[in-house]
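A.B. asks: Sequence:
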Amino acid sequence: MTSRVEIPENLSPITRRGVSRIISEDEFTAMLRRGQPLRLKMGFDPSRPDIHLGHVVGLRKLRQLQDLGHQVILIVGDWTAQIGDPSGRSATRTMLSHAEVLENAESYMRQFFKVVDRDRTQVEWQSQWFGEFTLANVIELTSRFTINQFLHREDFANRYSQNQPIAITEMLYPLMQAYDSVVIESDVEFGGTDQMFNLLVGRELQGMMGQTPQQCFMMPILVGTDGVQKMSKSLGNYVALEEPPQEMYGKLMSLPDNLITSYYEYLTDVPDADIAEMQHSMESETANPMDFKKGLARYITAVFHDADAASAAESHFEKVVQRRDLPDDMPKVSLSDIAELPMNRLLAQTGLASSNAEARRLITQGAVEIIHPNGERISVTPGDAPELRAGDVIRAGRRRFVRLV
RNA sequence: GGAGGGGUGGGUGAGUGGUUAAAGCCACCAGACUGUAAAUCUGGCGCCCUGACGGGCUUCGCAGGUUCGAAUCCUGCCCCCUCCA
6 MTSRVEIPEN LSPITRRGVS RIISEDEFTA MLRRGQPLRL KMGFDPSRPD IHLGHVVGLR
66 KLRQLQDLGH QVILIVGDWT AQIGDPSGRS ATRTMLSHAE VLENAESYMR QFFKVVDRDR
126 TQVEWQSQWF GEFTLANVIE LTSRFTINQF LHREDFANRY SQNQPIAITE MLYPLMQAYD
186 SVVIESDVEF GGTDQMFNLL VGRELQGMMG QTPQQCFMMP ILVGTDGVQK MSKSLGNYVA
246 LEEPPQEMYG KLMSLPDNLI TSYYEYLTDV PDADIAEMQH SMESETANPM DFKKGLARYI
306 TAVFHDADAA SAAESHFEKV VQRRDLPDDM PKVSLSDIAE LPMNRLLAQT GLASSNAEAR
366 RLITQGAVEI IHPNGERISV TPGDAPELRA GDVIRAGRRR FVRLV
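So the first sequence is numbered by our numbering: it starts at 6 and just counts up by one.
Be aware that one or more of the hints could be misleading.
As the list claims (entries may be wrong) - Listed below are the simulated EDC-like cross-link pairs for lysine to aspartate or glutamate, each with C-alpha atoms no more than 16 angstroms apart in a straight line:
1) Lys-299 with Glu-247
2) Lys-298 with Glu-270
3) Lys-298 with Glu-247
4) Lys-299 with Glu-323
5) Lys-119 with Asp-72
6) Lys-119 with Glu-247
7) Lys-238 with Asp-72
8) Lys-235 with Glu-247
9) Lys-324 with Asp-231
10) Lys-119 with Glu-270
11) Lys-324 with Asp-311
12) Lys-119 with Asp-55
13) Lys-298 with Asp-262
14) Lys-298 with Glu-319
Just so you know, the hints here were simulated from the structure itself, not pulled from any lab data.
Bear in mind that the values here come from a model prediction, so they are computed numbers and not experimental data.
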């Protein structure tokens, strides 16, 4: 292995920006300076295939290091996924079939490689080594750690003191992840700050097995679009990578203003100085945060789609959300399907409302109107069957439209 | 093996016989306002009928039962958790 590795003069864009903590930063810096390609480990469980912007912070880090010539090793946790990843709260998770795991893994990688360079990534499946693990191996592995060590881990400690369940497999989980590090001889493992314990177990185990302990590289938690909790699928405050452009742009525009700069910092290559400048002008109210947010939304949409899609999404936003105009494209409904229906039923029928009751609510709240092609807007009442012609548009709220054909 | 706690609407979590379609909070939806799908304010948030007033139906793990009336009481079952040994 004599591939060339670039050693940048200034390491802080790597070790500081978009980084929460490195254990240990000094050792890591020394490794980078040595000029050898590092083995960068990133694992995932193919249990929930959606990648969102929260994951991108780390993926960008991997990409950055790849571009310097380092080697990424992606571990597919097909084994840990099958026993069920217990991190977080609930220990109950249904077992996945082999087919589901394969499908999820494929979907994950499709998204992963939108950021990370596929050609410079080695993919390893856990089953390659755990598939032949024996009970003797398990005992060997578990004998190296104590329950006490594990109970000191923050989330376990909290749960324990609150009489919350802790499954035995949850104890096994970090061990398996640690063993992965040993097998692939990782130099650096990446994860969110919530992964600190697992990463450290890997570091420790490697030491016990006579390897150089890996560095633990932890990324900050990205706050979700609600502005409060960490971005996660289950909280619904996420922006998925496979989000259509308009959705992606729109969701980013729904960020609270105070998140703008951290998103720039973690998810773009905009220089620190420029970000500081934005921060300053927003604080002194000499700039409109909306403009920065639009810039962010455009940038990110362009990364995951392309520049054209991004500007289309932007015009859509300006048109529909800001000016309250009609969008260019909207679902079409055939007049014959809804002929003679009173307004409330009509909304339910066309999918603009989820039920008749919901439709009534929308109507009484003033969310519904009919818009003729000439721009005339007609208000409606729930029971009336309005006169409708092809070309008319029915609007239910800001973002829901249907065109009659 | 034993003792105890618990399963409520998308989430959390009150509610221990009627005033409970079920508090509060979160999420979500709509409206107003605005510099945005930010923030703020207001309203809504099971289903069906009604222009509205209002009416009807279904819901509190599952199945039975008691009662004029049950999320609330009884019986059985299923599931979850904690502790002791």
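A.B. asks: Would you mind marking each hint as holding or not holding in the structure?
C.D. replies: Here's how the hints hold up against the structure:
| no. | hint | result |
| --- | --- | --- |
| 1 | Lys-299 with Glu-247 | violated, 19 angstroms |
| 2 | Lys-298 with Glu-270 | holds, 13 angstroms |
| 3 | Lys-298 with Glu-247 | violated, 20 angstroms |
| 4 | Lys-299 with Glu-323 | holds, 10 angstroms |
| 5 | Lys-119 with Asp-72 | holds, 14 angstroms |
| 6 | Lys-119 with Glu-247 | holds, 10 angstroms |
| 7 | Lys-238 with Asp-72 | violated, 29 angstroms |
| 8 | Lys-235 with Glu-247 | violated, 19 angstroms |
| 9 | Lys-324 with Asp-231 | violated, 24 angstroms |
| 10 | Lys-119 with Glu-270 | violated, 19 angstroms |
| 11 | Lys-324 with Asp-311 | violated, 20 angstroms |
| 12 | Lys-119 with Asp-55 | holds, 13 angstroms |
| 13 | Lys-298 with Asp-262 | holds, 8 angstroms |
| 14 | Lys-298 with Glu-319 | holds, 11 angstroms |
In this structure, the hints that do not hold are numbers 1, 3, 7, 8, 9, 10, 11, in rising order.
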